[in-house]
Structures are given as C-alpha cells and as structure tokens.
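Q: Given the sequences, and given the hints that come with them, work out the whole structure.
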Amino acid sequence: GAVVSQHPSWVICKSGTSVKIECRSLDFQATTMFWYRQFPKQSLMLMATSNEGSKATYEQGVEKDKFLINHASLTLSTLTVTSAHPEDSSFYICSARAGAQETQYFGPGTRLLVL
Amino acid sequence: QKEVEQDPGPLSVPEGAIVSLNCTYSNSAFQYFMWYRQYSRKGPELLMYTYSSGNKEDGRFTAQVDKSSKYISLFIRDSQPSDSATYLCAMSERGGYQKVTFGTGTKLQVIP
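Those protein sequences? They're chains W and X, same order as listed. End of the first sequence sits at 115 in the numbering used here; the numbers just go up one at a time, nothing left out. End of the second sequence sits at 112 in the numbering used here; the numbers just go up one at a time, nothing left out.
These aren't lab readings, by the way, just hints derived from the structure by calculation. There could be a bad hint or two in this list.
[What the hints assert, rightly or not] Short, incomplete list of chain X residues facing chain W, as computed with Cβ under 7 Å:
1) Pro44
2) Tyr49
3) Gly105
[Stated by the list, open to error] Keeping only pairs whose Cα atoms sit at most 30 Å apart, straight-line, the calculated BS3-like set for lysine-lysine is:
4) Lys99/X <-> Lys64/W
5) Lys66/W <-> Lys2/X
6) Lys42/X <-> Lys14/W
7) Lys56/X <-> Lys67/X
8) Lys42/X <-> Lys64/W
9) Lys66/W <-> Lys99/X
10) Lys64/W <-> Lys2/X
11) Lys107/X <-> Lys41/W
12) Lys55/W <-> Lys42/X
13) Lys56/X <-> Lys2/X
14) Lys99/X <-> Lys41/W
15) Lys70/X <-> Lys41/W
16) Lys2/X <-> Lys55/W
17) Lys42/X <-> Lys20/W
18) Lys20/W <-> Lys99/X
19) Lys41/W <-> Lys42/X
20) Lys41/W <-> Lys67/X
21) Lys42/X <-> Lys2/X
22) Lys42/X <-> Lys66/W
23) Lys42/X <-> Lys107/X
24) Lys20/W <-> Lys64/W
25) Lys64/W <-> Lys14/W
26) Lys55/W <-> Lys99/X
27) Lys41/W <-> Lys56/X
28) Lys2/X <-> Lys41/W
Every residue gets a Cβ at the ideal spot worked out from N, C-alpha and C, and that includes glycine.
A: Laid out in structure tokens, this is it:
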C-alpha cells in the first residue's frame, strides 16, 4: 500500500519560535497533499490543500501567514508553524492523494507541544 | 447540524462480538464513502472505500452504504482486541480534488 511519512514525529518548542513539519509520499507521486489538525477527542480538521507547484488553498479560519505550506515536489510538502504559541499545540497530520484517485493516505502525524 | 454525524462512543464489546459502527450525513451529493481506523497517537489508516450505494466486504469488515437514508455502516465480525481503536467515517462528493469530510470518530474497545 501507499506509504506517507512525516518528520518529526513529535516536537517541543518555545513560544515564538517556528516549527517545520515534513510530509513525504514514499512510493507514489502525490499531486495533492492535505494538512489536518486534530485536537484531543476531536476529528480531523482540514487546514489546507496543496497541489504541487501551486499555492495552497486554506480553509476558512486558518491563517495562511501563520501556517505556511510549501508543496515543492510530487513527494514532499512542508508545513511551517510560524511564531508558535501554546494554543497551536496539537496533532498535525498530513495526507496525500495521487491524481484522480479518491483515497487519501495519511502520515503517522506530528505531535507539537509549544511551551 | 454537522454534515456528518457519528456517535463518539466509547463502544465496548467482548472479543468475538459483531460490531456495528454508523454514520449519518446530510449532503446528498456525497458519493464516495470511506472508513478509517486510527490508533491512539497515530494517523488514520484506510480500511474500506466504497462508491455510491451497496455493500463491500473485505475479510472481517463489511461496509454498507444506503444513500436513500444517508446512512453508512461498518460491520466488524469476530472482533479482536487489536480492533480497539477509533473508527472514522469519511465521505466526499466526487473525484479529483474534492475535499473529504470526516466524522468525529467512534472509539471502540474490544475486551478480551
């Protein structure tokens, strides 16, 4: 099956610093990648959709200047949380989809703790 | 009203039981239906993927879609402790780059 990796798996940072999370599709080319955030006991909340080579589309209420997304290649997308604050602490999950296929394959997630 | 409604549980069953997980939805345009399993602190894993109405079986798992009632189900036969996880239903309108809407997930515990 398709494999999506994320790095790092967990990160602790100080308030005000920036954190970059990588999402890679290991065995397929992902023309579309998605970034989700998940708070405890809640479902996945889509933050943004990124297509390779173009700007990401952000969901309503998600600050594009705070959550920078880059999808520079067909196998890599990055999410940078800029000037992180404690309320940004969450579980960030990416997923990838290849072309016209419907199924998304999820990464294992990155747990972010901002102190 | 949420687009997708799913009972959060938790649902506790004895090992070997048949488990029924359900979701209802309000958007009649949904055509693709998925079930994901998510273990604690892990990303969701795709279990079943169906298009339109009908049944689909894969091993111990059976997915049912009733578009007329806007109701989907996932049945797990001979449940095992390793099935203990949160199960998320998900659905989308059509192919291409349409976003997927997730339910909030049902937490299942299979007791040995």
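Q: Each hint: holds or not?
A: Each hint, compared with the structure:
| no. | hint | result |
| --- | --- | --- |
| 1 | Pro44 | holds (5 Å) |
| 2 | Tyr49 | holds (5 Å) |
| 3 | Gly105 | holds (6 Å) |
| 4 | Lys99/X <-> Lys64/W | holds (18 Å) |
| 5 | Lys66/W <-> Lys2/X | holds (27 Å) |
| 6 | Lys42/X <-> Lys14/W | holds (24 Å) |
| 7 | Lys56/X <-> Lys67/X | holds (14 Å) |
| 8 | Lys42/X <-> Lys64/W | holds (26 Å) |
| 9 | Lys66/W <-> Lys99/X | holds (22 Å) |
| 10 | Lys64/W <-> Lys2/X | holds (25 Å) |
| 11 | Lys107/X <-> Lys41/W | holds (9 Å) |
| 12 | Lys55/W <-> Lys42/X | holds (28 Å) |
| 13 | Lys56/X <-> Lys2/X | holds (26 Å) |
| 14 | Lys99/X <-> Lys41/W | holds (22 Å) |
| 15 | Lys70/X <-> Lys41/W | holds (25 Å) |
| 16 | Lys2/X <-> Lys55/W | holds (29 Å) |
| 17 | Lys42/X <-> Lys20/W | holds (19 Å) |
| 18 | Lys20/W <-> Lys99/X | holds (24 Å) |
| 19 | Lys41/W <-> Lys42/X | holds (13 Å) |
| 20 | Lys41/W <-> Lys67/X | holds (28 Å) |
| 21 | Lys42/X <-> Lys2/X | holds (25 Å) |
| 22 | Lys42/X <-> Lys66/W | holds (25 Å) |
| 23 | Lys42/X <-> Lys107/X | holds (14 Å) |
| 24 | Lys20/W <-> Lys64/W | holds (14 Å) |
| 25 | Lys64/W <-> Lys14/W | holds (21 Å) |
| 26 | Lys55/W <-> Lys99/X | holds (16 Å) |
| 27 | Lys41/W <-> Lys56/X | holds (29 Å) |
| 28 | Lys2/X <-> Lys41/W | holds (16 Å) |
Of the hints listed earlier, there is not a single one the structure fails to meet.
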